[in-house]
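*Asks:* Letter by letter, the chains look like this.
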Amino acid sequence: MSLLSALSVSASGLEAQRSRAELLVENLANAETTRTPEGGPYRRKDAIFSSAPQSSPFSAEFQREMGSYSNGVEVSEIFEDQREPEKRFIPGHPDADASGYVAFPRMNPAEDMVDLIASSRGYGANVSAMAAVKDMIQKSIDLLK
Amino acid sequence: MADPVLNGIALRLEHYMDLLGKRQQLVAANIANADTPGYKTKDIDFQFEFASLMEGGTPHVIEAPGLAVKNDGNNVVMERETRLLSENALRFSLASNLMRGEIRRVRSAIDEGR
Chain A
0 MSLLSALSVS
10 ASGLEAQRSR
20 AELLVENLAN
30 AETTRTPEGG
40 PYRRKDAIFS
50 SAPQSSPFSA
60 EFQREMGSYS
70 NGVEVSEIFE
80 DQREPEKRFI
90 PGHPDADASG
100 YVAFPRMNPA
110 EDMVDLIASS
120 RGYGANVSAM
130 AAVKDMIQKS
140 IDLLK
Chain B
0 MADPVLNGIA
10 LRLEHYMDLL
20 GKRQQLVAAN
30 IANADTPGYK
40 TKDIDFQFEF
50 ASLMEGGTPH
60 VIEAPGLAVK
70 NDGNNVVMER
80 ETRLLSENAL
90 RFSLASNLMR
100 GEIRRVRSAI
110 DEGR
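Line by line, the protein sequences give chains A and B. Numbering follows numbering that gives the first Met the number 0, with no gaps: position 91 of the first sequence is 90. Numbering follows numbering that gives the first Met the number 0, with no gaps: position 100 of the second sequence is 99.
It is worth saying that the hints were derived from the structure and are not from the lab. Here the structure is a predicted model, which is why all the values come from computation and not from measurement. Any given hint might turn out to be false.
[Said to hold, decoys possible] Here are the simulated distance ranges between beta carbons:
1. A:GLU83 to B:ASP44: 26 to 34 angstroms
2. B:GLU78 to A:ALA30: 49 to 57 angstroms
3. A:SER139 to B:PHE47: 39 to 47 angstroms
4. A:PRO36 to B:MET77: 34 to 42 angstroms
5. B:ARG11 to A:ILE140: 56 to 64 angstroms
6. B:LEU5 to A:ASP45: 17 to 25 angstroms
[As the list claims (entries may be wrong)] Pairs of lysine to aspartate or glutamate residues, derived as DMTMM-like cross-links and limited to a Cα-Cα distance of at most 25 angstroms, are as follows:
7. B:LYS39 to A:ASP96
8. B:LYS39 to A:ASP94
9. B:LYS39 to B:GLU101
10. A:LYS138 to B:GLU62
11. A:LYS144 to B:ASP44
12. A:LYS138 to A:GLU85
13. B:LYS69 to A:ASP94
14. A:LYS133 to B:ASP110
15. B:LYS39 to A:ASP114
16. B:LYS69 to A:GLU14
For glycine and all other residues, C-beta sits at the position ideal for the given N, C-alpha and C.
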């Protein structure tokens with residue numbers, strides 16, 4: 000049933016956009032974080048998307064057996080920004096180095112806000128796709144009334 | 000292929016709705032992959048598939064031609080996809096209403112026979 004698998008394709012889009020939004024919010028929250036478990040300041044994270052079989056394994060398997068196609072999306076990798084941290088001169092700060100510089104995350108809040116808007120728009124587009132497909136399924140069910 | 004209950008129109012409608020469903024699935028996949036680097040917009044040649052696949056079967060998926068590719072290798076145009084999304088839904092709605100008429104015709108033949 001291709002209409003039902005279209006729903007899980009859209010669901011995979013929702014999931015991917017949500018994980019990306021989570022990372023972006025985490026970046027904003029940690030814009031001033033100088034300590035992390037790995038040591039050093041926080042590093043900006045972002046998601047890399049890749050197209051993948053749809054999220055429901057049963058449906059994906061079934062479609063493959065039927066020789067059909069359906070590409071959902073998934074977060075294939077989360078990468079950390081490798082740029083050098085930003086050095087600010089704050090002598091007396093507990094995390095300052097010998098010459099009084101503290102390493103802060105290299106972060107541009109505007110960058111994260113713009114990505115967050117894009118992510119939220121993407122989420123909305125997937126919701127619209129889901130609503131349209133749901134409407135089609137409902138129409139098919141109504142044939143029997 | 001003569002069906003004793005539903006006539007040729009109903010069979011064509013069934014095929015039409017099936018094809019619309021498949022196309023809607025591709026549109027949903029394009030929207031889900033709107034931010035995937037290197038992803039190319041997928042589509043089916045609707046008129047061609049409708050004319051050539053009356054007996055059922057799987058339509059050929061092609062990459063939609065003539066779309067500008069962005070820096071990350073992705074060429075999904077959101078406006079195109081949302082237009083197709085609502086166009087497919089409207090066509091499906093029309094087809095399902097016609098189909099309902101066909102089914103009602105059969106049902107009234109059954110009911111009047113009682």
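*Asks:* Does each hint hold? Answer for all of them.
*Replies:* Results of checking the hints against the structure:
1. A:GLU83 to B:ASP44: 26 to 34 angstroms: 51 angstroms, violated
2. B:GLU78 to A:ALA30: 49 to 57 angstroms: Between B:GLU78 and A:ALA30, where Cβ atoms are some 34 angstroms apart, the hint is violated.
3. A:SER139 to B:PHE47: 39 to 47 angstroms: Given range 39 to 47 angstroms: violated, Cβ gap about 24 angstroms.
4. A:PRO36 to B:MET77: 34 to 42 angstroms: 39 angstroms, holds
5. B:ARG11 to A:ILE140: 56 to 64 angstroms: 21 angstroms, violated
6. B:LEU5 to A:ASP45: 17 to 25 angstroms: At roughly 53 angstroms between Cβ atoms, A:ASP45 and B:LEU5 fall outside 17 to 25 angstroms, so the hint is violated.
7. B:LYS39 to A:ASP96: 49 angstroms, violated
8. B:LYS39 to A:ASP94: Violated, at about 47 angstroms.
9. B:LYS39 to B:GLU101: 39 angstroms, violated
10. A:LYS138 to B:GLU62: 29 angstroms, violated
11. A:LYS144 to B:ASP44: 33 angstroms, violated
12. A:LYS138 to A:GLU85: Status violated; Cα separation ~57 angstroms.
13. B:LYS69 to A:ASP94: 42 angstroms, violated
14. A:LYS133 to B:ASP110: Violated, because 32 angstroms separates the two Cα atoms, which is more than 25 angstroms.
15. B:LYS39 to A:ASP114: 21 angstroms, holds
16. B:LYS69 to A:GLU14: The hint holds at about 24 angstroms.
When each numbered hint is compared with the structure, violations occur for hints 1, 2, 3, 5, 6, 7, 8, 9, 10, 11, 12, 13, 14.
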